[in-house]
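Next come the chains, spelled out residue by residue.
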Amino acid sequence: MKKEIEFTINGERRKLIVKPNELLLNVIREDLGLTGTKYGCGTGECGACTVLVDGEPVVSCLTLAVAADKKTITTIEGIGTSENPYPLQLAFVETGAVQCGFCTPGMILSAKALLDKNPNPTENEIKQAIAGNLCRCTGYVKIIEAIKLAAERMRGRKR
Amino acid sequence: MRKFKVVGKSVPKVDALALAQGKPLFTDDIELRGMLHAKILWSPHAHARIKNIDTSKAEALPGVHAVLCYKNVPRVIHTTAGQGWPEPSPYDIVMFDNKVRYVGDRVAAVAAETEEIAERALELIKVEYEPLPAVFDPERAMDKGAPVIHDEPDCKYIIPVFYDPKHNHCAHIDLEVGDFEQGIKEADFVVECKFKTHHEQHCSLEPHTCICYFDPAGRLIIRTSNQVPFHVRRIVAQCLQVPERMIRVIKPRIGGGFGGKQEVLIEEVCAMLAMLTKRPVRLAYTREEEFVSARVRHPMVMWAKTGVKKDGTITAIQLKVLSNAGAYGAHAMTVMNNTCAKALPLFRCKNIKWVADAVYTNLLPGGAYRGYGVTQAAFPMGVMMDEMAEAIGMDPVDFWKLNTIKEGETSPIFKALSETGRGVEMIVESCSLPECIDKGAEVFGWREKRERYKKQSKGPIKHGIGMCCLVQGGTVPLIDMASAYAKMNDDGSFNLLIGATDLGTGADTVLSQIFAETLDIPVEDVIVYPSDTDLTPFDKGAYASGTTYLSGMAVLRTAEKIREQILGVAADILGEPKEGLRIENKGVVSGKSGKRVEFSQIIKRALYGKDQFQIGATASEFSRLPPQSFAAHFAEVAVDTETGQVKVLSYVAAVDCGTAVNPKLAEGQAEGAILNGISYALTEEFIFDDRGRVLNPSFTDYKIFSAPDIPKITTILVPSYEPTGPYGAKTVGEVNINGPLPAISNAIYNAVGIRLYETPFTPERVLNALKEKRKSKIKQR
Ligand code: FES
Ligand code: FES
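First to last, the sequence lines map onto chains A and B.
When the first sequence is numbered by the working numbering, its final residue is 159 and no position is left out of the sequence of numbers.
When the second sequence is numbered by the working numbering, its final residue is 781 and no position is left out of the sequence of numbers.
These aren't lab readings, by the way, just hints derived from the structure by calculation.
A quick note: this is a predicted structure, and the numbers were derived from the prediction, not measured.
Glycine included, each C-beta is placed from N, C-alpha and C at the ideal position.
Mixed in with the good hints, there may be bad ones.
BS3-like mimics (lysine-lysine), calculated; alpha carbons at most 30 Å apart, straight line [as the list claims (entries may be wrong)]:
hint, chain 1, residue 1, chain 2, residue 2
1, B, Lys454, B, Lys9
2, B, Lys439, A, Lys127
3, B, Lys3, A, Lys70
4, B, Lys462, A, Lys127
5, A, Lys148, B, Lys194
6, A, Lys127, B, Lys23
7, B, Lys57, A, Lys19
8, A, Lys15, B, Lys23
9, B, Lys703, A, Lys148
10, A, Lys127, B, Lys415
11, B, Lys23, A, Lys117
12, A, Lys127, B, Lys309
13, A, Lys117, B, Lys712
14, B, Lys3, B, Lys487
15, B, Lys777, A, Lys127
16, B, Lys647, B, Lys487
17, B, Lys664, A, Lys148
18, A, Lys127, B, Lys487
19, B, Lys9, A, Lys148
20, B, Lys185, B, Lys9
21, B, Lys487, A, Lys148
22, A, Lys2, B, Lys57
23, B, Lys647, A, Lys127
24, A, Lys148, B, Lys185
25, B, Lys449, B, Lys401
26, A, Lys127, B, Lys3
27, B, Lys194, B, Lys320
28, B, Lys777, B, Lys309
Quick list of simulated restraints, FRET-style, between CB atoms [to be verified]:
hint, chain 1, residue 1, chain 2, residue 2, range
29, B, Asp490, A, Glu123, 48 to 56 Å
30, B, Asp215, A, Asn124, 13 to 21 Å
31, A, Asn120, B, Met275, 53 to 61 Å
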């Protein structure tokens, strides 16, 4: 029994027919071809599949596609443009927060959700916001630095 | 020291922005028309013979295109270790065998239209097992009557080394330099302890992933997340019994490797399925499969005995090593050898004895893991140093400084042994370790904290500090080779094609910087294309801390050859002798006449003008004298004596990687390695049941550190200049993962007076040791 759902993803309205048990991750990667969202565990433990649903970070590997019906979804492809990357993306590049880059999309989206609500987070708040996003490469040091830098810039204090 | 324009600058990683934008860069980010999905059936038994497999029902399932098992796949004995040929690992594995040797061993594989169908097909495969007794304890593996894990007649090494599979004896080497017993006699104090280290999974965020398909010319393309594309090509050709020219291996961006992808783990199965079905096939591990059927860091049992004089001279070192290779011997001997070859040259001692064995057991096979044996040996050696310092009443900082190798010195170990066996005589050409120790101690506040923690507070939380020094040799001498090819384009930009494999480390960036420095161009003018066996020249791959150093030298030599060609054309244009010309900022300048000609003019002349030719060159380099990278690590811990919880509060690493070609990337390498090491020391642990099953194959139960867990980590780069490396560079990938075990163990001792000889340092172990300590105190009274 397939179901029709409709959502807005990266500013675009999409109608899709999905199986009731289809995962949002698979719909995003396979049906919509947005491969910036990653599979790292499939069990909600690594955060590589993080997307924003109505502004909240969710692990798309544990979210049913039907649960996204009528919602607004943002994936990594939906923030910034090629010519004009999102401040977090630039800050990650500049601080050396990207090593293999596999955790990066999820990490940036979790950070975006934080900064959207709290433009001036403490280091602890940053750490908590990305607690569900594992990174094996960086030791998180430069990731935290990147989020701080982006926050500062987005608050307009630093260019 | 020379001044550089591009080297030594933290230019942004060349692929970082695309990665941060989520561009389709990884193996799994493509979808091919008609692609099938593969799944593997794993053994539920630790040791069993397969009496029969019935795959007929699975084959009959609609949507299933192929089922592989030992019955329909040629038996080609090989090694999965991604090493140079002839591989220094035993040939003890076949694609599918009629025997399984650990829970998670491969039994059969299916390719089907969807993953779901493939999974259903697995359930339809009927396997008749005859369970055999298993052995899990490495100290029991060579006992009389222990089950023989490799009883197949065709297992062997293809190099002349010791091998006795009938007794589960996978490797053995011993050596002695000087006279160990004499050294013990000369000592005022002798320390002797037994140590144990545990299994560790790499946990690269991207699981092993491979996609195989045929191009229109009928050649097999293997797109894979792998650190050693050229070895993949060779080993898959071997397994499939096809010529290597039939195969092209492409490495996209890799989502972390850490050694876990220095292995041909899935490529040959995926390729075989593609060959049989004539369809593209995708094979990707789940996270659970990463834990139960990939590779791990070899756990080791080690016995150390050392002698020291009152004046601080170390008179004797003995290290006995028993490495648990698990079910297959990939990397077993070489990892074992590194517990001596790459770990012991750190110590100034004339009398060293080392005895090492690797044994088969019915557990997960060991493999390559960042640190590669040095991590294991650094633990006992780092703790023994602390014990010796204490025995003679010397501060560890002073004791380490006194007893570690210096610039211009040699170690008898260099000549006696290398990773693969034969060593090379050499001296340490560059070493800033003494400065690392000083700077690290200062930034960390060693002396002040040492004093402060002499008086502990009344409460349950006690504080302590510990340190250690580390070495890691880069590359395997006389074996490893790297190469590069570059050509100049119309606009004066360059394509740089490198065999080297960037697995997230930043190698593409660092190598571009070395190239740009040599030709005095900005990094933006270098278009780097890595690791494609059809297009790029050979490189051994990303391992043994070799990329910056060795691939860097290959790139440097390539650029130098190109420089000569450019100068030649410029000389022709300017009508001046080549000798008086030099390269400067994308052009060539004459020292004599002051005339200048731009790269863009030079290449136009070469391509279109006169005596046309392609400005381009290839060069390679092999390892002659492996450089040594050093580090001094300092850890500060809080130990809760009520719960046994150990928390690392701060961690300082002072690192000598020669010239840091890109300081930010070098720091990133250090930070990642340190945190990996800390989480290995404290929380990461495989739990096996009595039948050899992994009970915690998930990130929830196998705990790696996340952001809230991290201590304050400070990395200090302390440059030295390595004359054999590109612009003085050495390597930085591995050395820093070796520090946390000994540094934290020493810090715990400093805090609460217990020595932990077994890893990880879990609350339970800490509490037990505290209990023991209390008991022994009561006895003493
Ligand atoms: S893939 Fe969803 S949390 Fe890991
Ligand atoms: S950069 Fe590799 S996992 Fe985070």
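Against the structure, the hints:
For the proposed pair Lys454/B and Lys9/B, the alpha carbon gap of about 42 Å is over 30 Å, so the pair is violated. A hinted pair counts as satisfied when its Cα atoms are at most 30 Å apart, and Lys439/B with Lys127/A qualifies at roughly 29 Å. Simply put, Lys3/B and Lys70/A have alpha-carbon atoms about 59 Å apart, too far for the 30 Å limit, and the pair is violated. Between Lys462/B and Lys127/A the CA atoms are separated by roughly 25 Å; this keeps the pair inside 30 Å, and the hint holds.
At roughly 45 Å between alpha-carbon atoms, Lys148/A and Lys194/B are farther apart than 30 Å, so this suggested pair is violated. In summary, the hint linking Lys127/A to Lys23/B is supported, as the alpha carbons are separated by about 26 Å, within the 30 Å threshold. As the CA atoms of Lys57/B and Lys19/A are separated by approximately 27 Å, the hinted pair is consistent with the 30 Å bound. Between the alpha carbons of Lys15/A and Lys23/B the distance comes to roughly 24 Å, so the proposed pair stays at or under 30 Å and holds.
Only pairs whose Cα atoms come within 30 Å are accepted, and Lys703/B paired with Lys148/A is accepted, the gap being roughly 26 Å. Straight-line distance between C-alpha atoms of Lys127/A and Lys415/B comes to about 48 Å, which puts the hinted pair past the 30 Å bound. About 27 Å separates the Cα atoms of Lys23/B and Lys117/A, which keeps this hinted pair within 30 Å; it holds. The hinted pair formed by Lys127/A and Lys309/B fails the criterion: a straight-line CA distance of about 48 Å is larger than 30 Å.
For the given pair, Lys117/A sits about 26 Å from Lys712/B by alpha-carbon distance, which is consistent with the 30 Å threshold. The suggested pairing of Lys3/B with Lys487/B holds, with an alpha-carbon distance near 26 Å, which does not exceed 30 Å. A distance of roughly 42 Å separates the Cα atoms of Lys777/B and Lys127/A; the hinted pair therefore is violated under the 30 Å criterion. Only pairs whose Cα atoms come within 30 Å are accepted, and Lys647/B paired with Lys487/B is rejected, the gap being roughly 52 Å.
Among the hinted pairs, Lys664/B with Lys148/A is consistent with the structure: their alpha-carbon atoms are about 17 Å apart, no more than 30 Å. A hinted pair counts as satisfied when its Cα atoms are at most 30 Å apart, and Lys127/A with Lys487/B does not qualify at roughly 45 Å. The suggested pairing of Lys9/B with Lys148/A holds, with an alpha-carbon distance near 22 Å, which does not exceed 30 Å. Under the criterion of a C-alpha separation no larger than 30 Å, the hint pairing Lys185/B with Lys9/B is inconsistent with the structure, at around 52 Å.
Of the supplied pair hints, the one linking Lys487/B and Lys148/A is violated, its CA atoms being roughly 41 Å apart against a limit of 30 Å. Taking the CA atoms of Lys2/A and Lys57/B, the gap is about 28 Å. The hint holds against a cut of 30 Å. For the proposed pair Lys647/B and Lys127/A, the alpha carbon gap of about 17 Å is at most 30 Å, so the pair holds. For the hint linking Lys148/A to Lys185/B, the alpha-carbon distance of about 58 Å lies beyond 30 Å, and the restraint is violated.
For the suggested pair Lys449/B and Lys401/B, the alpha carbons sit about 19 Å apart, so the restraint of at most 30 Å is met. Under the criterion of a C-alpha separation no larger than 30 Å, the hint pairing Lys127/A with Lys3/B is inconsistent with the structure, at around 38 Å. At most 30 Å may separate the alpha-carbon atoms for a hinted pair to count; Lys194/B and Lys320/B meet this at roughly 9 Å. At most 30 Å may separate the alpha-carbon atoms for a hinted pair to count; Lys777/B and Lys309/B meet this at roughly 28 Å.
The hinted range of 48 to 56 Å is satisfied by Asp490/B and Glu123/A, whose Cβ atoms lie roughly 49 Å apart. At roughly 52 Å, the beta carbons of Asp215/B and Asn124/A sit outside the given window of 13 to 21 Å. Restraint check, Asn120/A to Met275/B: a C-beta distance of roughly 58 Å satisfies the suggested window 53 to 61 Å.
Hints 1, 3, 5, 10, 12, 15, 16, 18, 20, 21, 24, 26 and 30 from the list above are not met by this structure, while the remaining hints are.
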